[in-house]
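S.K.: Protein sequence lines correspond, in order, to chains A and B. Counted from 1, the first sequence has number 368 at position 368 by UniProt numbering; the numbering is strictly sequential. Counted from 1, the second sequence has number 468 at position 468 by UniProt numbering; the numbering is strictly sequential.
Just so you know, these hints were derived from the structure itself, not from any lab. Please note that the accuracy of each hint is not assured.
To be verified - Under the rule of at most 27 angstroms between Cα atoms (straight-line distance), these lysine-lysine pairs were calculated in the BS3-like manner:
hint, chain 1, residue 1, chain 2, residue 2
1, A, Lys289, B, Lys289
2, B, Lys216, A, Lys216
3, B, Lys289, B, Lys216
4, A, Lys289, B, Lys216
5, B, Lys289, A, Lys216
6, A, Lys343, A, Lys262
7, B, Lys289, B, Lys343
8, A, Lys262, A, Lys216
Because the structure is a prediction, the values reported are computed rather than measured.
There are 2 protein chains.
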Amino acid sequence: MADLDATLAEILGPRGWLSGSEADSYRRDWLDRYGAEPLGVARPASTDEVSRLLAACRVAGAAVVPQGGNTGLCGASVCGRAGGVILSLARMTAIGDVDGAGGSVEVEAGVVLDRLHQTLGSSGLIFPMHLGAEGSAQIGGLIGTNAGGSHAARYGMMQDLVLGLEVVLADGSVWNGLRGVQKDNAGYQLRRLFCGAEGTLGIVTKAVLRLHPAPKGRATALLCLASADALVAFGARLRSEAGEFVNGLEFFCDLGLDLVLKNLDGIDFPLESRAPFYLLVELTASSAKVPLDEILEEVLTAGMEEGLVTDGALAQSEAQRLAFWRLREEQPEGQRLEGTQLKHDISVPPGKLARFIAEAAPLCEAILPGVRLNPFGHLGDGNVHYNLSPAAGAPDFAGHGQRFAVELGRLASELGGSFAAEHGLGRAKIALANALRGAVERDLMGRIKAAIDPAGILNPGVIVDPVLARQNVS
Amino acid sequence: MADLDATLAEILGPRGWLSGSEADSYRRDWLDRYGAEPLGVARPASTDEVSRLLAACRVAGAAVVPQGGNTGLCGASVCGRAGGVILSLARMTAIGDVDGAGGSVEVEAGVVLDRLHQTLGSSGLIFPMHLGAEGSAQIGGLIGTNAGGSHAARYGMMQDLVLGLEVVLADGSVWNGLRGVQKDNAGYQLRRLFCGAEGTLGIVTKAVLRLHPAPKGRATALLCLASADALVAFGARLRSEAGEFVNGLEFFCDLGLDLVLKNLDGIDFPLESRAPFYLLVELTASSAKVPLDEILEEVLTAGMEEGLVTDGALAQSEAQRLAFWRLREEQPEGQRLEGTQLKHDISVPPGKLARFIAEAAPLCEAILPGVRLNPFGHLGDGNVHYNLSPAAGAPDFAGHGQRFAVELGRLASELGGSFAAEHGLGRAKIALANALRGAVERDLMGRIKAAIDPAGILNPGVIVDPVLARQNVS
Chain A
1 MADLDATLAE ILGPRGWLSG SEADSYRRDW LDRYGAEPLG VARPASTDEV SRLLAACRVA
61 GAAVVPQGGN TGLCGASVCG RAGGVILSLA RMTAIGDVDG AGGSVEVEAG VVLDRLHQTL
121 GSSGLIFPMH LGAEGSAQIG GLIGTNAGGS HAARYGMMQD LVLGLEVVLA DGSVWNGLRG
181 VQKDNAGYQL RRLFCGAEGT LGIVTKAVLR LHPAPKGRAT ALLCLASADA LVAFGARLRS
241 EAGEFVNGLE FFCDLGLDLV LKNLDGIDFP LESRAPFYLL VELTASSAKV PLDEILEEVL
301 TAGMEEGLVT DGALAQSEAQ RLAFWRLREE QPEGQRLEGT QLKHDISVPP GKLARFIAEA
361 APLCEAILPG VRLNPFGHLG DGNVHYNLSP AAGAPDFAGH GQRFAVELGR LASELGGSFA
421 AEHGLGRAKI ALANALRGAV ERDLMGRIKA AIDPAGILNP GVIVDPVLAR QNVS
Chain B
1 MADLDATLAE ILGPRGWLSG SEADSYRRDW LDRYGAEPLG VARPASTDEV SRLLAACRVA
61 GAAVVPQGGN TGLCGASVCG RAGGVILSLA RMTAIGDVDG AGGSVEVEAG VVLDRLHQTL
121 GSSGLIFPMH LGAEGSAQIG GLIGTNAGGS HAARYGMMQD LVLGLEVVLA DGSVWNGLRG
181 VQKDNAGYQL RRLFCGAEGT LGIVTKAVLR LHPAPKGRAT ALLCLASADA LVAFGARLRS
241 EAGEFVNGLE FFCDLGLDLV LKNLDGIDFP LESRAPFYLL VELTASSAKV PLDEILEEVL
301 TAGMEEGLVT DGALAQSEAQ RLAFWRLREE QPEGQRLEGT QLKHDISVPP GKLARFIAEA
361 APLCEAILPG VRLNPFGHLG DGNVHYNLSP AAGAPDFAGH GQRFAVELGR LASELGGSFA
421 AEHGLGRAKI ALANALRGAV ERDLMGRIKA AIDPAGILNP GVIVDPVLAR QNVS
C-alpha cells in the first residue's frame, strides 16, 4: 500500500492526494455510523486523473469509495474496510453553457446542487431537484444515489433528469455517454443503470442534465387534514384537478409539528387549529395566465366540504411561503434534536399510504409500546419517512432497531412498495435487502456487479452483498 | 430439435404451440427484411408456462425470440437463424384493477396498447403512450423496445412509465419486481434495464404501469413555419411559455405534405399557404380552468410577429383536430406509398435540430444527387425520422443505403444525439452501432448480456453483436 500511496501522490499531485490527518474529515459518514481508516483521499482534477487513479487502484487491489457531499444516510460514501481510497470529485466543478433551446446543461460531478440552481438563476430554466442537503450534495452523489426529493412526482428522480453520462470504469477505461437527448435506444439503458449504482459500477465524472422551464406562477397552501385517509383522498383529488401543476405535496404529522415547535427556535405555526396530518401543497405553472390560486381554492373548498380538509391558509407572500416550507423541511431536524431516532425510508403506492400508516402503528406498538411515530414525506409518490423516537422518557429502542426496519419494510413490500425509496442501500440496508428481496433479484444484481467490476474494487460491500459478489465472479 | 418440439407441445398444449404452416404469419418482420424459419411459435397462457418453456429451450440450446405485435422496424422480433422459438404473449392479456388513487395499473405483456386506452376510458386516468402502431403493438413489445412516440417529451418513454415488472430469465427463474412505486432505490434499477433490452435479457410477462390524470382541456393548432431555425426557435418559446401543457409538438416538411396529399385519399390541407415546415402543436391541461386557447394564441401571435410562424389555424372541432393529427400521422404511409425508401431514426438535442437538418442535406446530396429528403418527427425531444426517397424517377438508392445510415448517424452523434432514438437496434442496426459507438460502450453491453443470459439463448444477434457476446462469456 506504500507503493499505491506514492503512485497516487504522483498521479494526483499535492492538492489531489490527502493522507494522514488531512483525510480525517472524509472518514466517517454523515450519521457517524460507518467509516474505516482510508489509505487517503483522492481529489482528482480531471477525468484523466480519475482514470489513472482507478487503473492504479485496480493493480494494487485497493477499494475505491466515491464520496460526494457526504450527506447520504446509508453509509455508501465511506470505507467498509481500512485501506481503501476515498475519491472526492470536489475539484471537478465545471458547469458548461446552458443549452436554452434544448433544455440541458453539462456539468462535472463535483458541482454542488445549490450552485447549479444559482447558476441557472434567471436563465428561464430550472434543474428541478430539491432536497434538504442541496447546499452540500454534489451532482455525482445525487446520481450515484438516484436522489428523489420533494419534486420527484412531477419531474422524476435523478435517473429521469440525466440525459448523458461520462463514467470511468473499474479498469480505468472511460465510457463517454455524454449525449444530450432523451431518446437514445441504441442498446441497454446504461445511463439509467449507473444512476443509483452508488459508485459500485463506475465513477460518474460528468453528466448532461435535463432542464425544465422556470415557473412564472405559484400558489402554496398549508392545510390541516382530518386523517391519513383524508390525506390520500385529497391528494388524489388534487392530482386529478391540478395534475401537471403539483410541484410539492408534502405531509407531516402532529407529533412532527410538536417536535419542530419544541426543538427549534423562530418557527411559528400559522394555522388556528391542529390536526392529525398537515399537507403543504404547492402548484407552479410555466404560464402566468394560469389561475393557480383559483384552481387551488376550488380543490380546497371541495376538500373542506367533504370533511377532508379542516383548516388551511394560502401563502400571501414569499416569506410566508418559505415559512410553510420550513415547517416541512425541519421535520428531520426537529426529531434529531429530540434525541436518538430510527429513520425508515419507505415507499408505498400513493393510494395505499393511509393503509400503511394504519397498519404500521399497531405493528410498532407491539414491538415497543409507547414508541413515538413520526411519519412525514412526499404524498405524490408515496414516499414516507416513517421515523421513530423512543417512548417519552425512554432512552432508546431497547435493541429493536433491526426488527422495526424489517417489519416496516415487509409491510411496505406487501403493499407493493419499497423499504429503500430514495436513500439507497449503501452498507446500511444490505441485510434488509437480504431479508426482504428474493434470491432472483439479488442474484441479478450480483451478476451485474461481477460483470462490470469483476475485481470488486468499486465501493465493495455497498448494494451487493460481498459474498454474493464473489459467487458471481467465480 | 424434435425432442424440443414435443416438449414444448406438452408444456403449452395445442393452442399454445404452433408449428409448420401455422407459424408462417409470425416468421417475417413488419418490413419483411428479416426472419429465418422458426421451430415453432409458443403462445403460453401464464408466467409459469413461460418459465417452463425457457427452461426447456435452455436445455435444448434453442434461441427464444419474443414477438409482440410485430410492428418493430429493426427486425428484433423474428429469428436470426432457423430453429429458434418465437414467443408470443398474445394470450396473456389480463388488465388488473385500476389504482385510481395511486395512478397505476398492472397488465400482462400481451395487452394491445389500444385496448389499454379503451379500458381506461372514462376512469379519469390515461396511459400517455401513443404511436402509430397502437392498434397492434403490445405492452411487452413496447417495454422491450422502450417505445417513445408523440408524447415522450412530456410523459417520458416506456421506461418512465413502467413502475414494476415481472420478468422470466433465461434459466426459467422468475424475477418478481411487480412493485407500484416510483421511488425504489433498493439496488440497481433493474426495471429500467429491462426496458429497451429487446428481449435479450429476459421475457417481460407483466408490468405495473404509471397512469396520469386525463386532460380536461385541449387546444390544437397547425402552423406554417418559415424554416428549420424558426421551428427550433418557436419550439423553445412554446416550451418556455406553456411547458407543462405541451402534449404534442410534431413537425413535418413540405415534401412530406406533398407525398401525403398525392398518395392518400381523403386528406385535405386546411391552410392557405405552404411553407418549408409544418408544426402540429397540442396543449392539454388537467384543469378546465386553464385558458389554453389564450395561451396558445399569445405564443402564436408572438411567433408571427417575429416571422417564425407564417400561417396557422386552431382546430375548431374534434374532427378538425383529428384531421390535423392525420396529416402528421400519415407521413410514413405517404412516403411508403411513394415506393422504396430509407428510414432513419435520429435524435439530436432539440436546440440543434435546425443545424442537423442544414448539415444533413448537403451530406445526402453528396452521396446521391437529387435524393428526396423527408424529415419529420417530434420537435419536443429532437427525434427526427430523417427518411429518404430516391430522386424523382430513380428506382432506388444505388446501393448507398448503409452509407446514408452511417453518415447521418455520425452527424447526429457529433451533435450529441443518437442514431437509434426510439426504434432500437434489433438486428438492423448492430453494424451501425459497431461503426458509431465506442468499444467501451459495446463492451459494457456485452458484459451485461453475458452476465444475465450466459448461454446466449435470448434473442441472439439482437443489440449485442454475437461475436462480442461470446468474448464476454469466455
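S.K.: Each hint needs a verdict: does it hold in this structure or not?
M.R.: Results of checking the hints against the structure:
no., hint, verdict
1, A/Lys289 <-> B/Lys289, "10 angstroms, holds"
2, B/Lys216 <-> A/Lys216, "22 angstroms, holds"
3, B/Lys289 <-> B/Lys216, "9 angstroms, holds"
4, A/Lys289 <-> B/Lys216, "17 angstroms, holds"
5, B/Lys289 <-> A/Lys216, "17 angstroms, holds"
6, A/Lys343 <-> A/Lys262, "20 angstroms, holds"
7, B/Lys289 <-> B/Lys343, "42 angstroms, violated"
8, A/Lys262 <-> A/Lys216, "36 angstroms, violated"
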